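Based on the provided sequences and hints, a complete structural model is requested.
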Amino acid sequence: MKSYLVSALAAALIIMDFSGQAQSPAPATSTEKYRPAFHFTPRKNWINDPNGLVYYDGEYHLFYQYNPQGNRWGHMSWGHAVSKDLLHWNELPVALNEFANPDGKSVTMIFSGSAVIDYGNTSKLCPTGTKDCMVAIYTSHVDEKGKALAQHQSLAYSTDKGRTWQQYAKNPVLELNTNEFRDPNVFWYEPQKKWIMAAVKPDEYSVLFFESKDLKSWKQMSRFGKQGDQSKIWECPSLIQVPILNEPGKSRWVLFISSGHRQEGYVGMQYFVGDFDGTNFKLDQENPKPASAEWGNVVDYGKDYYAAIPYNNLPASQKRPVMMGWINNWEYANDLPTEPFKGAMSLPREIALKRTPEGLTLIQQPKISGLRNQVRFQQKSLSLNNTSQVVSEVTSSPFELEVTLVPGQAESQGIRLYKDGSEETVLFYQNGKIQLDRRKSGNVSFHQRFPSVEEAPGTLQNGAIKLRLIADASVLEVYVNDGEAVLTDLVFPEKTTGQMELFTKGGTGEFKDLKISSLTAK
1 MKSYLVSALA AALIIMDFSG QAQSPAPATS TEKYRPAFHF TPRKNWINDP
51 NGLVYYDGEY HLFYQYNPQG NRWGHMSWGH AVSKDLLHWN ELPVALNEFA
101 NPDGKSVTMI FSGSAVIDYG NTSKLCPTGT KDCMVAIYTS HVDEKGKALA
151 QHQSLAYSTD KGRTWQQYAK NPVLELNTNE FRDPNVFWYE PQKKWIMAAV
201 KPDEYSVLFF ESKDLKSWKQ MSRFGKQGDQ SKIWECPSLI QVPILNEPGK
251 SRWVLFISSG HRQEGYVGMQ YFVGDFDGTN FKLDQENPKP ASAEWGNVVD
301 YGKDYYAAIP YNNLPASQKR PVMMGWINNW EYANDLPTEP FKGAMSLPRE
351 IALKRTPEGL TLIQQPKISG LRNQVRFQQK SLSLNNTSQV VSEVTSSPFE
401 LEVTLVPGQA ESQGIRLYKD GSEETVLFYQ NGKIQLDRRK SGNVSFHQRF
451 PSVEEAPGTL QNGAIKLRLI ADASVLEVYV NDGEAVLTDL VFPEKTTGQM
501 ELFTKGGTGE FKDLKISSLT AK
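For what it's worth, our numbering labels the leading residue of the sequence shown as 1, then goes sequentially.
Do not rely on the hints blindly, as some may be mistaken.
Here are the in silico distance ranges between beta carbons for each label pair [unchecked claim]:
| id | residue 1 | residue 2 | range |
| --- | --- | --- | --- |
| 1 | 189 | 388 | 53 to 59 Å |
| 2 | 84 | 146 | 38 to 44 Å |
| 3 | 314 | 377 | 47 to 53 Å |
| 4 | 247 | 193 | 26 to 32 Å |
| 5 | 97 | 422 | 44 to 50 Å |
| 6 | 382 | 120 | 29 to 35 Å |
| 7 | 251 | 222 | 17 to 23 Å |
I should point out that these hints are in silico values taken from the structure, not numbers from a laboratory. From a predicted model like this one, the values you see are computed outputs, not experimental measurements. Quick reminder that beta carbons are idealized off the backbone N, C-alpha and C, glycines included.
Set out below in structure tokens:
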């Protein structure tokens with residue numbers, strides 16, 4: 001959460017009402033057509049960072065930075081939604097509201113943080129007799145007329161599965177006498193029977209690690225920082241144990257940091273692979289070697305994935321960690337052409353590590369088994385020679401596209417999405433990179449920094465590269481080679497429909513195992 005940064009395509013869009021049931025949509029307006037069906041958005045107003053991601057008693061809780069009073073950043077509070085499957089959301093009343101302070105001048109905003117389940121109420125935060133206590137740990141940001149006076153960490157607790165909350169009477173529980181100390185991410189460390197908190201000193205590019213037995217008294221243990229991307233401040237840390245693919249029982253600790261982007265001025269995310277002994281996080285010798293040391297290891301190569309954190313307390317049946325992030329970028333966040341909502345959450349992503357020549361590389365896959373795929377178009381093989389071919393006359397969302405590109409002699413090869421006249425979003429392979437060009441994607445004039453071309457590593461495997469694209473109204477998530485690289489971007493097409501066109505330039509290329517599927521609720 002940041003104070004310095006303040007400065008569906010288809011008419012068949014499904015919108016969730018407050019009961020969590022799908023309802024028949026009203027006719028799409030010029031802005032409602034951009035509302036995704038399965039990426040969470042609030043009914044109205046501004047959202048940013050996901051907060052307090054926690055599973056308990058059959059429900060996935062999503063808390064998030066929310067402005068109850070408008071569609072731009074401000075009055076930060078915690079919104080709240082719950083889901084049975086991470087795809088269909090029931091939006092609940094605001095969980096934690098900004099509040100006025102006794103001085104009559106300042107307010108305390110509820111900045112980013114996390115939530116945990118204190119089984120048996122061992123902390124005694126909740127009243128005696130409470131079975132399990134849901135605890136929110138957040139940054140209490142003291143503000144007077146737009147001036148940050150202090151940032152410290154505070155607690156709130158709930159006895160009714162997060163529906164109502166009480167502030168801890170002795171807040172704050174952790175302060176360093178600064179207005180730049182935030183984003184506590186807390187988890188239970190079983191080997192030493194204690195709570196661990198990671199929080200940032202953002203302008204020092206540092207993560208501080210603290211320990212506690214009761215969530216109320218915290219002691220600093222160690223610090224990690226001043227490595228990787230330091231082009232922006234550091235925010236929203238999270239430390240999590242991640243399994244290694246095809247190596248049962250083996251894992252490493254991964255530290256995620258929201259920071260800068262490879263393209264100057266934007267924000268993005270990086271990660272570090274290492275070991276954690278309950279006190280110190282140290283880089284592993286297999287921490288991946290980034291293309292450039294100053295970039296760090298990139299989590300998402302698009303412009304619109306930030307502040308992602310993992311779920312706490314996942315059910316035993318969920319074998320891999322699950323993360324969600326904010327779909328937006330601070331460079332243009334307040335100006336998105338959407339009303340009455342602004343901002344969305346990513347699809348839930350399962351994460352793992354894969355052993356590669358570059359080291360232990362992050363793998364991400366969307367968790368969408370709760371959606372039904374109805375195949376629209378399928379073809380085993382299609383070859384083009386310096387030409388194009390329309391494969392779908394109408395590209396209404398949400399949909400999933402899967403294809404393996406075999407470039408052959410082609411200089412570039414790819415797919416034009418939402419093509420209508422000169423309007424198009426282009427996803428293509430060229431010179432060892434997967435690129436996404438949104439410069440002609442529709443409404444790009446709302447901010448001069450929005451039109452852009454992104455690129456992600458596109459290593460050919462046996463002469464081919466595998467793509468998986470999920471399109472949901474204004475959100476595009478692209479997974480390369482089974483999630484070895486991911487690219488997430490927003491687009492705002494002016495048209496509600498458009499063609500999908502395959503193309504090659506400068507030679508012959510093959511499209512193998514092409515499948516286009518509608519995504520609907522089971």
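Q: With respect to the beta-carbon atoms only, verify the hint that residue 382 and residue 120 lie 29 to 35 Å apart.
A: violated, 59 Å
* Range hint 17 to 23 Å: satisfied by the CB atoms of residue 251 and residue 222? -> Hint holds: Cβ distance 20 Å, inside 17 to 23 Å.
Between residue 189 and residue 388, does the beta-carbon spacing fit 53 to 59 Å? At roughly 55 Å between Cβ atoms, residue 388 and residue 189 fall inside 53 to 59 Å, so the hint holds.
Q) Is it true that residue 97 and residue 422 lie within 44 to 50 Å of each other by Cβ? A) Given a distance of about 46 Å, which is inside 44 to 50 Å, the answer is holds.
At the C-beta level, are residue 84 and residue 146 separated by a distance inside 38 to 44 Å? holds, 40 Å
Item to check | Consistency of beta-carbon spacing, residue 193 to residue 247, with hint 26 to 32 Å | outcome: Taking Cβ atoms as reference, residue 247 and residue 193 lie about 27 Å apart, which means the hint holds.
Exercise. Could you see if the CB distance from residue 314 to residue 377 stays within 47 to 53 Å?
Key: Given range 47 to 53 Å: violated, Cβ gap about 36 Å.
Checked against the numbered hints above, the structure violates hints 3, 6; every other hint is satisfied.
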